[in-house]
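Student: Spelled out from the first residue to the last, the chains are:
2 protein chains.
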Amino acid sequence: MTILALDAMGGDHAPDAVVAGAASLTLETSGPRVVLVGDGARIEAVLRELPHDRARLEVVDAPEHVAMDAEPRAALEAHPRASVIVAAELVRDGRADALVSAGNTGAFTLACARTFARIPGVSRCALGAVYPTERRRGEKEDPFSLILDAGLTLDPTADDLVGFAVMGAAYSARISRNPEPTVALLSNGSEPTKGPAAIVRAHERLLATAGLHFIGNVEGTDIPKGTADVVVTGGFTGNVVLKMLEGIAETVMNLGRYAYRKSLRNKAGLALLAPAVKQLKEVTDWEEYGGAPILGFDRVCIKAHGRSSPRAVRNALKVAQKAVRSGLCEAIRLGLQGGQGSLPPD
Amino acid sequence: MTILALDAMGGDHAPDAVVAGAASLTLETSGPRVVLVGDGARIEAVLRELPHDRARLEVVDAPEHVAMDAEPRAALEAHPRASVIVAAELVRDGRADALVSAGNTGAFTLACARTFARIPGVSRCALGAVYPTERRRGEKEDPFSLILDAGLTLDPTADDLVGFAVMGAAYSARISRNPEPTVALLSNGSEPTKGPAAIVRAHERLLATAGLHFIGNVEGTDIPKGTADVVVTGGFTGNVVLKMLEGIAETVMNLGRYAYRKSLRNKAGLALLAPAVKQLKEVTDWEEYGGAPILGFDRVCIKAHGRSSPRAVRNALKVAQKAVRSGLCEAIRLGLQGGQGSLPPD
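Residue numbers (the numbering used here), protein chains in the order written: chain V, 83 to 428; chain U, 83 to 428.
Mixed in with the good hints there might be a few duds.
For identical chains, the list gives no copy identity; a pair is met inside one copy or between any two copies.
[Claimed, not checked] Derived pair list, reagent style SDA-like, types lysine to any residue, alpha-carbon separation capped at 25 Å: (1) Lys404 to Pro392; (2) Lys222 to Asp98; (3) Lys276 to Thr239; (4) Lys222 to Arg407; (5) Lys276 to Arg389; (6) Lys222 to Ala255; (7) Lys349 to Leu236; (8) Lys276 to Asp237; (9) Lys276 to Arg415; (10) Lys307 to Ser272.
No wet-lab data here; the hints were simulated from the structure.
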């Protein structure tokens, strides 16, 4: 059985929403075993109010935790026994198979970097994020593409980008059940010569990387279309892209309201469409996929959104379970050996 | 009277759409005088079919032109008398006040760089682009923000970014009639310490730049919202952002269709909304603003979209006229003297 270490104190609605997400998952058949790490008394108090299967829950006490808005380095310094560190150590020591947290992203990343090793061949780690696209994939009509890096490595080298491609493809193949995901580099033109030097060089190397379905460069227009299953870019641009996607749905609706404001006809039309808009919102709902992997460490690390509801936490735990069961870290190791490993140095 | 040199042979629908745009503008009171540069016989043939005021049109023959998909450097080498070069030389020699083209963007930029000087204090030029946002500004309810660089300078230094900010503010103040436009740096977080080194350094310098309404960093979410009137970024990210915006409207509509496909209720709702959707499309219609400035040269240079219709060409000409009349280049020169000029070197 997969065992997941969950930072019960991380998240805007922690520990309540976090514990609730774990509790509900224990009631599902073939769910994981979850180790809740944090303030034992508070966790137990929340659990008392919720239906759960105690045989699949464990509580490990951690006396401290990192606040959501704390400066990561200083916070870990000040709180060496913070829940996120204690949880990471459980994973390092083999008492759990993966780490999940909805807490402070910087502290989570730092705790991973201090506790886990990098997979051989990984020069820099990447934060992956899935986002909804126009395209539907496979039998489950999955609308999601994966983009990485989402903000860890602002200015990657060509080698870093090749590593991101290999890691992203391994993740997409396992989590989206897409056996041969298409991989592309984000650039300012589709031609192989377009972009800054690191991207041009990464393009050359990716063409020579075995075991990847590399389809070349994609442009900004391809992001909402979902032209590629895995979009590889630096953390600066990746962060801007993801935040634009986050803001754009709201803006489209506001723009719509602006145009429709004064017309009865428009009001009637909008009223008729309300259920469809709700449905559309659900398709693009981040809570559905609630977990973002940090790729490159020798352990599975899933970061859930700070705003996570119980449902988002449960989904992040499920993603972690899937990643462990499908051998994500081993797949990345093999991918880097077969692909990047055989390439000449820069 | 303002005189504009127009590359009549540049654009997907040249010379017909280009000449038609100029011809219709000559019928407007207080329009500029336009010099049509290109294949004289073809231009005259198009003019014969169109109402226009000949007193405000002149044709200058250029025996060659650059194809839309040509490699810019090789094309200018092969066609030294191409229409875009001949038109630029008219501006350099004082026979016209500004250069306008809907042709090959690379060739246009190269022709400008070879023919014009940079304004003192400009380290690198920038391509500006306006895009529709959620926010409405001023009495004309202008929805547009300006973003620069849109693709000329992929990896700007801090000095380049400060120059972009000053040039963008000068353009926005003159073209959008927004006397004190807000200026922001695009980054991966709102804190001044966020982002790659060049952005952090540019942030410091912008805080110390006189005459700018610098509001700090903005993030991807702020782009569709229109939080800043002028968004400053490198050409790589700027290009990705603009192309995402281009693709996203289409995707939203396609996603909508996907969700609505099978429901009669949805079809009825969409039918009622059709006029409003058309209206919304017009607000976000690039033909409305059809021209993108190249900022930093000592002459006004306006690039119209390659797909330009007569209306888009006419609007690009109007933007050029406005830029000349309002003293754009002089304003940039003064802005750089007062602002960046007084800053310590990097």
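Student: Each hint should be assessed against the structure and marked as holding or not.
Tutor: Results of checking the hints against the structure:
In the homo-oligomer, the alpha carbons of lysine 404 and proline 392 lie at most 25 Å apart inside one protomer (18 Å), although the nearest pairing across protomers, at 56 Å, exceeds that limit. In the homo-oligomer, the alpha carbons of lysine 222 and aspartate 98 never lie at most 25 Å apart, since the shortest distance is 32 Å inside one protomer and 49 Å across protomers. Both within a single protomer and between protomers do lysine 276 and threonine 239 lie at most 25 Å apart by alpha-carbon distance, with minima of 16 Å and 19 Å respectively. Taking the shortest Cα distances, lysine 222 and arginine 407 sit within 25 Å of each other inside one copy (20 Å), while across copies they are farther apart (59 Å).
Within a single copy, lysine 276 and arginine 389 get their C-alpha atoms only as close as 38 Å, which misses the 25 Å cut-off; across copies the closest is 22 Å, which meets it. Taking the closest pair of Cα atoms, lysine 222 and alanine 255 come within 25 Å of each other only inside a single copy of the chain (14 Å); across copies the shortest separation is 51 Å, beyond that limit. Neither within a single protomer nor between protomers do lysine 349 and leucine 236 lie at most 25 Å apart by alpha-carbon distance, with minima of 45 Å and 45 Å respectively. Taking the shortest alpha-carbon separations for lysine 276 and aspartate 237, both the intra-copy value of 17 Å and the inter-copy value of 13 Å come in at or below 25 Å.
In this assembly of identical chains, the alpha carbons of lysine 276 and arginine 415 never lie at most 25 Å apart, being 30 Å within a copy and 32 Å across copies at closest. In this assembly of identical chains, the alpha carbons of lysine 307 and serine 272 lie at most 25 Å apart only when taken from the same copy (15 Å versus 28 Å across copies).
In summary, the structure is inconsistent with hints 2, 7, 9 from the numbered list given earlier, while agreeing with the others.
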